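*Asks:* Sequence:
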Amino acid sequence: MAAAQDRIERMVNDAVDRMKTSAAPMPVIAVGGGSILLKRPIIGASEVVMPPHFAVANAIGAAIAQIGGETDRIFSMAEMSRDQALATAKSEAIEKAVAAGADRDTVEIVEVEEVPLAYLPGNATRIMVKAVGDLKEA
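Following my numbering, the numbering of the sequence shown begins with 799 at its first residue and continues without gaps.
To be clear, the hints were calculated from the coordinates, so they are not data collected in a lab. Keep in mind the model is a prediction, meaning the values are calculated, not measured. Treat the hints loosely; a few may be bogus.
Mimicking EDC-like on lysine to aspartate or glutamate, the simulated pairs with C-alpha atoms at most 20 Å apart in a straight line are [stated by the list, open to error]: (1) 837 - 815; (2) 934 - 901; (3) 894 - 932; (4) 934 - 893.
Kindly produce the complete structure, drawing on both the sequences and the hints.
*Replies:* Below is the structure:
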């Protein structure tokens, strides 16, 4: 148990250090069920705040989370236009979000990434699209 506690503390200390924008100590807000495991002071924290209802933050986040769908494909721009490839990838991501339980009327594209692949023939481009929407009510 002590080894697990030590590892948790190291991970939290590292996370706080990465998030800080200066060397000065800063307040840390701890939420979620695991926050009760923070027994010793956090290195780099001026204080550790556990707001009311801190233990149920994960449950609340899960309850209001959106449903997502992603597509990650390689398209040949020799066979279709960039606009056609983007439209296809976006449509696939939307359909995956809907299939996962998202309400189609709320789904939106939140991320699009295009990476030209010079090492493949046919002017190949990798297109990654992420779509999210609210959970469809039954």
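*Asks:* Hint numbers the structure violates, sorted upward?
*Replies:* none
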